[in-house]
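Novice: One letter stands for each residue in the lines below.
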Amino acid sequence: MKILVPTKRVPDPDQRVRATADGSGLEDKDLYYVPNPFDLIAVEEALAIREREIEDSEIVTVGVGVTDYEKELRATLAMGADRALLVETAANLDPWNVALALEKVVEREQPDLVLMGKQAIDDDSNQVGQFLAARLGWPQATFIASFALVEGGAAIQRETDTGMESLKIALPAVVTADLRLNEPRYASMPQIMKAQRRPIDRVALEDLGVTVAPRCEIVALEVPSANRTCAFLDSADELLDALRNEEVC
Amino acid sequence: MKVLVHFEHDGGAIKRGSLSALRFARDVAEQTGGAVTGLVLGSDAGDAASDAARYVPVLVADDTALKPAIAGPHARVIADAVTSGGFDVVVGAATSAGKDVLGRVGGLLGGFMASDVVGHEVADGELLFRRPMFAGSAIATVRLCGGPQVVTVRDASYEPSDAAAEPGAITPLAVDTGSLPRDVEVTGTPPSQGGRPDVTEAQVVVSGGRAWKSSEDFETHVGALADLFGGAAGSSRALVDAGITPNELQVGQTGKIVAPQLYLALGISGAVQHLAGMRNSKVIVAINEDRDAPIFQVSNYGIVGDVYEVVPLLIEKLKAADA
Ligand SMILES: Cc1cc2nc3c(=O)[nH]c(=O)nc-3n(C[C@H](O)[C@H](O)[C@H](O)COP(=O)(O)OP(=O)(O)OC[C@H]3O[C@@H](n4cnc5c(N)ncnc54)[C@H](O)[C@@H]3O)c2cc1C
Ligand SMILES: Nc1ncnc2c1ncn2[C@@H]1O[C@H](COP(=O)(O)O)[C@@H](O)[C@H]1O
Chain A
1 MKILVPTKRV
11 PDPDQRVRAT
21 ADGSGLEDKD
31 LYYVPNPFDL
41 IAVEEALAIR
51 EREIEDSEIV
61 TVGVGVTDYE
71 KELRATLAMG
81 ADRALLVETA
91 ANLDPWNVAL
101 ALEKVVEREQ
111 PDLVLMGKQA
121 IDDDSNQVGQ
131 FLAARLGWPQ
141 ATFIASFALV
151 EGGAAIQRET
161 DTGMESLKIA
171 LPAVVTADLR
181 LNEPRYASMP
191 QIMKAQRRPI
201 DRVALEDLGV
211 TVAPRCEIVA
221 LEVPSANRTC
231 AFLDSADELL
241 DALRNEEVC
Chain B
1001 MKVLVHFEHD
1011 GGAIKRGSLS
1021 ALRFARDVAE
1031 QTGGAVTGLV
1041 LGSDAGDAAS
1051 DAARYVPVLV
1061 ADDTALKPAI
1071 AGPHARVIAD
1081 AVTSGGFDVV
1091 VGAATSAGKD
1101 VLGRVGGLLG
1111 GFMASDVVGH
1121 EVADGELLFR
1131 RPMFAGSAIA
1141 TVRLCGGPQV
1151 VTVRDASYEP
1161 SDAAAEPGAI
1171 TPLAVDTGSL
1181 PRDVEVTGTP
1191 PSQGGRPDVT
1201 EAQVVVSGGR
1211 AWKSSEDFET
1221 HVGALADLFG
1231 GAAGSSRALV
1241 DAGITPNELQ
1251 VGQTGKIVAP
1261 QLYLALGISG
1271 AVQHLAGMRN
1281 SKVIVAINED
1291 RDAPIFQVSN
1301 YGIVGDVYEV
1311 VPLLIEKLKA
1321 ADA
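If you read the protein sequences in the order shown, they are chains A and B.
So the first sequence is residues 1 to 249, counted in my numbering.
So the second sequence is residues 1001 to 1323, counted in my numbering.
Same shape as in the complex, but just chain A (with noise of 0.2 Å):
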């Protein structure tokens, strides 16, 4: 079984971010970059359906972006992937253009699962998965919380508004992790050391014959202070009170 994880890059979510004086973007100068949580959750279970499931699986970690990347796709060869794929770009990239890219790596790649985050921390956007599967026609699953191989595809749980949905999928497919899948694991020092070594496949966007035309454009960008003053209250009887007053209670 190939198994494909997308993996994008994101500012570390323990970070202040702060835009820049004339709102155009981000102040990025000093921003610290790790892989997208929810696509760690995605590689682990790559590493887990392997080691549960088919020994003999391939899996293929890909960016698509500048060529900086390299070191959030070393971190998931350190975790165990098999092979790393960089899709240089230097454009601009919003979610469309990052589905047409890896729609084209599929065609490439041929895999049976591509597994993927369900959600970029840094844009929140929540749709490369849905598009990707919708250009390949393929089914999907978001939001999954569990994945299992069975007879004719994978028997998969997935996150809704009301609780847990149970499906069976037919392969190939594009499933979506949430964050009960897993618990990525931690890459040990040599495996991190034997990363560095390793080679990192690339390829240029124009080259898979994407040209990239912007969907959705960032006009603006602020960042809104919403703090309030906070009134310290003693005790439960006062905060009764309180909310009586603000008419909530």
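Derived coverage of chain A by chain B (criterion: at least 3 residues anywhere in the stretch with Cβ under 8 Å from a Cβ of chain B; other residues may be distant): (1) 132 to 138; (2) 163 to 173.
Label pairs and their computed distance ranges (CB to CB): (3) Glu206(A) - Asp1241(B): 36 to 46 Å; (4) Gly163(A) - Arg1182(B): 17 to 27 Å; (5) Gly1011(B) - Ala170(A): 20 to 30 Å; (6) Arg202(A) - Glu1185(B): 33 to 43 Å; (7) Asp68(A) - Glu1309(B): 43 to 53 Å; (8) Asp82(A) - Leu1313(B): 53 to 63 Å; (9) Arg1291(B) - Ile192(A): 31 to 41 Å; (10) Met193(A) - Ser1179(B): 49 to 59 Å; (11) Glu1309(B) - Asn92(A): 48 to 58 Å; (12) Asp1044(B) - Ala231(A): 51 to 61 Å; (13) Glu55(A) - Arg1182(B): 24 to 34 Å; (14) Glu1166(B) - Ala213(A): 41 to 51 Å; (15) Asp1241(B) - Ile192(A): 20 to 30 Å.
Read the hints as simulated data drawn from the structure, not as lab findings.
Using N, Cα and C, we set each Cβ at its ideal position, and we do this for glycine too.
Based on the hints, put chain B with the ligands in the right spot on chain A.
Specialist: Frame of chain A; chain B with the ligands shown alone:
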């Protein structure tokens, strides 16, 4: 602009989040001189169609192949309805269900999509959307470079729309059943929920964080307080991760977004990812033993103390007031 609203329903009533999407649709139609149509998908969808028609004229795709709701076939029907009806925009709620199916619609219609929209304006005849990024740390204004456009809106940001004076017409939409994908089968649906409302639908949300040591403690404190307020119980991700609360209670960047009249954060530190889900609530109250916890910076009222001491007192006082 011609706007199509994708109505989620439970077999009978239209869901509240879809009425927020309808508010967006009506605003856009009014601002651009257009019209709004609703779309209902399902099997035996008559009741849902009638409920939807209280608001707008509706198209109904009624077919056994459309129940239960699965993104593949539903997206196909929605995308075809957009194309054949010449709609400029299709909008739905930014729920898990909405993101699942409308994301796929976006993929079928060329990728002109804005998700989790919290505001919009029309400038020079063009729609501009406001949407949060980076866990709500930034608000982006975006434009879509063509169409048809696919939009999901947050119900916390758009007041649910009211019924119209006159009900709208109901028009059946032919479904080409044979062309729909059949590659996904639903083998189990979530158990229907108990008495408590969903966090996104309640006027009061009482949420608990890592301070709570067990599901029992959560239920007898956070749950009990939620019941006394007639509200919903919510949770930080820490408790979901620990298996103390179920996933659908999670409030935050990667959970649900709420903006109730009153939000109580009980033993929650206030990480940006949690704030992303609740900072627009009208009144925010935090109880935390750490006076420096960031949650207090977005709160109107705070009590510094042990939730295991303060919450039972609150419950007692509220019960006494009710009696
Ligand atoms: C990509 C990503 C996405 C995320 N998405 C979400 C999300 O959607 N929602 C979310 O909530 N989190 C999310 N998180 C996690 C988030 O960063 C925090 O880890 C989480 O919100 C912390 O939960 P908490 O406040 O309950 O726990 P903690 O941060 O551990 O805080 C517990 C608080 O309780 C207080 N406390 C402890 N005991 C008591 C007591 N007896 N009485 C009173 N106070 C007490 C402590 O002082 C502390 O402030 C996400 C993280 C990442 C990286
Ligand atoms: N530039 C990218 N390179 C590789 N994968 C990506 C990229 N952007 C998004 N993805 C994948 O798409 C998922 C959803 O992203 P989004 O729709 O942007 O929230 C992510 O979790 C990644 O798996």
